[in-house]
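Protein chains: 2
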Amino acid sequence: VSSAFLAACRGEPHDVVPVWFMRQAGRSLPEYRALRGEGSILDAIARPELAAELTLQPVRRYGVDAAILYSDIVVPVAAIGFGVDVVPGTGPVVERPFRSADDLARLRPLEPELDLSRVIETVKILVGELEVPLIGFAGAPFTVASYLVEGQPSRTHARTKTLMYSEPGLWAALLDRLADLALASLRAQVEAGARAVQLFDSWVGALSAQDYETYVRPASTKVLSGLADAGVPRIHFGVDTGELLGAMASAGADVVGVDWRTPLSAARTRVGPGVALQGNLDPAACLAPADVVTPMVRRVLDDNAGHPGHVFNLGHGVLPETDPGILAHVVDLVHAEGKVLP
Amino acid sequence: VSSAFLAACRGEPHDVVPVWFMRQAGRSLPEYRALRGEGSILDAIARPELAAELTLQPVRRYGVDAAILYSDIVVPVAAIGFGVDVVPGTGPVVERPFRSADDLARLRPLEPELDLSRVIETVKILVGELEVPLIGFAGAPFTVASYLVEGQPSRTHARTKTLMYSEPGLWAALLDRLADLALASLRAQVEAGARAVQLFDSWVGALSAQDYETYVRPASTKVLSGLADAGVPRIHFGVDTGELLGAMASAGADVVGVDWRTPLSAARTRVGPGVALQGNLDPAACLAPADVVTPMVRRVLDDNAGHPGHVFNLGHGVLPETDPGILAHVVDLVHAEGKVLP
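Taken in sequence, the protein lines are chains A and B. Position one of the first sequence corresponds to residue 2 (my numbering), numbered consecutively onward. Position one of the second sequence corresponds to residue 2 (my numbering), numbered consecutively onward.
Do not take every clue at face value.
For each label pair, taking beta carbons as the anchor points, the in silico distance ranges come out as [claimed, not checked]:
#: 1; chain 1: B; residue 1: 337; chain 2: A; residue 2: 192; range: 32 to 38 Å
#: 2; chain 1: B; residue 1: 107; chain 2: A; residue 2: 270; range: 44 to 50 Å
#: 3; chain 1: B; residue 1: 333; chain 2: A; residue 2: 251; range: 35 to 41 Å
#: 4; chain 1: A; residue 1: 156; chain 2: B; residue 2: 125; range: 41 to 47 Å
#: 5; chain 1: B; residue 1: 153; chain 2: A; residue 2: 219; range: 19 to 25 Å
#: 6; chain 1: B; residue 1: 292; chain 2: A; residue 2: 275; range: 48 to 54 Å
#: 7; chain 1: A; residue 1: 39; chain 2: B; residue 2: 337; range: 54 to 60 Å
#: 8; chain 1: A; residue 1: 251; chain 2: B; residue 2: 125; range: 53 to 59 Å
#: 9; chain 1: B; residue 1: 16; chain 2: A; residue 2: 270; range: 26 to 32 Å
#: 10; chain 1: A; residue 1: 219; chain 2: B; residue 2: 107; range: 35 to 41 Å
Computed footprint of chain A on chain B, listed as stretches where at least three residues anywhere in the stretch have a Cβ under 8 Å from a Cβ of chain A [said to hold, decoys possible]:
#: 11; region: 159-166
#: 12; region: 204-214
#: 13; region: 256-263
#: 14; region: 271-285
#: 15; region: 288-294
Calculated directly from the structure, the hints in this document are not laboratory data. Being a predicted model, the structure only gives us computed values, none of them experimental. Each residue gets a CB set at the ideal place from its N, CA and C atoms; glycine is no exception.
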């Protein structure tokens with residue numbers, strides 16, 4: 002079956018502008034809240050039938066053009082026993098944060114067949130049920146490192162940057178190990194049937210372009226270039242990354258995520274030809290009524306001007322308080338009005 | 002006495018690149034922690050001798066080229082009785098957040114002589130003691146509104162944007178009142194002797210350029226253009242504002258603050274000729290040793306390439322864990338190596 006989503010990722014001709022939403026499976030859906038219950042997301046991810054059903058819910062409801070695996074960016078580090086939990090309402094919390102070279106030993110190589118057996122099982126279930134491509138994903142080295150170093154979500158990333166600036170050798174070793182984990186996890190998801198991957202570097206926009214080049218791009222390149230032969234589009238995403246889009250593209254991305262701060266037309270200039278874009282409606286726009294959202298969706302489509310390399314999405318994840326009816330409206334509008342130039 | 006700071010704000014010739022730091026008076030200084038004690042910052046601000054001394058401490062220690070009044074952006078709304086406190090470790094907290102048109106009545110006009118008598122007294126004390134210009138400041142309408150609507154600091158500004166999108170008339174009325182408050186507060190500070198003003202729109206970078214134009218710029222313009230005849234440079238600052246710099250300049254700024262994400266050279270193109278820049282070292286760089294900070298400071302200077310319209314600063318406030326010795330090093334380095342082309 003041909004996929005508008007995969008074609009758009011490759012900038013190839015297709016009929017309809019494809020759309021999916023980051024965190025489309027989540028608390029905004031009543032059927033999610035009913036099925037998911039309380040407790041750590043890591044426990045839910047470890048139940049393949051449940052994780053598969055949570056992945057499928059938004060595909061059924063919205064008719065989006067891609068599914069994204071119900072998982073979390075800390076799954077690989079948790080699986081190798083680094084001691085990470087995801088606390089509801091807070092985010093990832095690390096019992097013993099990464100502090101010194103001794104902590105490198107706590108980051109052993111991933112053995113996907115053993116460490117990610119549940120995730121792989123979920124992917125296999127989904128591949129049998131889905132009519133649209135499944136996107137596998139991993140956390141990028143910087144963003145995962147920021148959780149391991151801070152020990153909890155941080156606004157300033159002060160500890161992370163202190164380590165990065167003060168101990169560049171240790172920092173590079175940490176990111177290299179996290180690159181190996183991400184790569185092994187993504188390869189395993191692709192081998193199980195995922196047809197695209199997204200590398201989430203959600204917080205890398207906290208860095209200047211110079212620091213990104215020096216301290217981050219080598220590790221991100223290791224992940225993305227390590228997937229060059231996998232035959233699937235590689236999406237690379239972060240927020241606040243307006244000044245990093247070109248560098249993130251050249252780390253080896255086929256598609257670069259763009260948040261609502263940067264117009265798609267400006268982003269296109271920055272990533273250059275041959276790289277597709279994903280985005281970029283403000284998730285908060287979906288908290289407004291349909292008559293307010295409609296012109297905002299049209300503005301994104303107009304700004305892209307029919308370029309075939311565009312996957313419609315939000316600029317960050319769906320906010321929990323979003324009305325699913327508005328997301329359904331956005332999908333219908335993109336499908337009805339989005340034009341793809343030949 | 003001639004001031005390199007004021008000359009740089011106006012893009013006029015001067016000898017030495019001026020430097021000051023946002024939040025230079027604060028927890029990073031041992032003398033601040035010793036004098037300030039615990040309790041709400043609003044109580045400290047209401048004690049003119051104390052507030053003046055806290056303003057002076059970093060000027061004495063670092064030899065910076067400007068002082069910034071020890072105050073807070075919520076002072077005017079607190080002074081008119083909206084019910085705002087600043088909780089240590091959290092930030093501004095509002096007892097009854099702004100929810101509907103009824104709440105507009107809680108935002109009466111500011112009477113600076115009565116409502117800000119302590120602040121004005123602090124300014125007058127400082128003008129008698131300082132050899133460098135004093136910067137007065139206010140919170141910009143969007144950022145103050147975000148606190149009043151959210152009720153507490155927010156990562157997504159979801160409630161704020163929901164109000165903005167869903168009730169644009171009420172939103173505009175709210176921002177217009179907050180513009181009047183900011184303008185009255187800034188005029189009073191200038192009349193008491195402040196020689197420059199900074200309008201802090203710290204969180205406006207959460208908006209797209211289109212939303213900034215529609216929902217924010219009219220109110221910010223009201224504040225800044227209302228000061229056009231005051232004879233002092235108007236600095237306009239926010240973080241994550243790479244795509245908004247041109248619009249923030251045309252709201253009526255003489256100087257636009259730039260965070261570390263956007264190179265000064267790129268920012269210069271975006272604001273156009275005739276507007277000065279302030280920034281843009283990453284505050285987290287000052288958590289690193291001097292040998293790491295030094296090349297980062299030089300990079301900022303090099304990127305500015307001697308343009309006379311440059312005030313050296315951080316891209317956001319000093320982090321509390323910063324070693325004051327590093328900030329002293331940065332000041333000395335900027336003064337020693339910064340070049341100003343004629």
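Right, here's what the structure says about each hint:
| no. | hint | result |
| --- | --- | --- |
| 1 | 337/B <-> 192/A: 32 to 38 Å | violated, 58 Å |
| 2 | 107/B <-> 270/A: 44 to 50 Å | holds, 46 Å |
| 3 | 333/B <-> 251/A: 35 to 41 Å | holds, 37 Å |
| 4 | 156/A <-> 125/B: 41 to 47 Å | violated, 36 Å |
| 5 | 153/B <-> 219/A: 19 to 25 Å | violated, 39 Å |
| 6 | 292/B <-> 275/A: 48 to 54 Å | violated, 40 Å |
| 7 | 39/A <-> 337/B: 54 to 60 Å | holds, 59 Å |
| 8 | 251/A <-> 125/B: 53 to 59 Å | holds, 56 Å |
| 9 | 16/B <-> 270/A: 26 to 32 Å | violated, 39 Å |
| 10 | 219/A <-> 107/B: 35 to 41 Å | violated, 54 Å |
| 11 | 159-166 | holds (count 4) |
| 12 | 204-214 | holds (count 6) |
| 13 | 256-263 | holds (count 3) |
| 14 | 271-285 | holds (count 3) |
| 15 | 288-294 | holds (count 4) |
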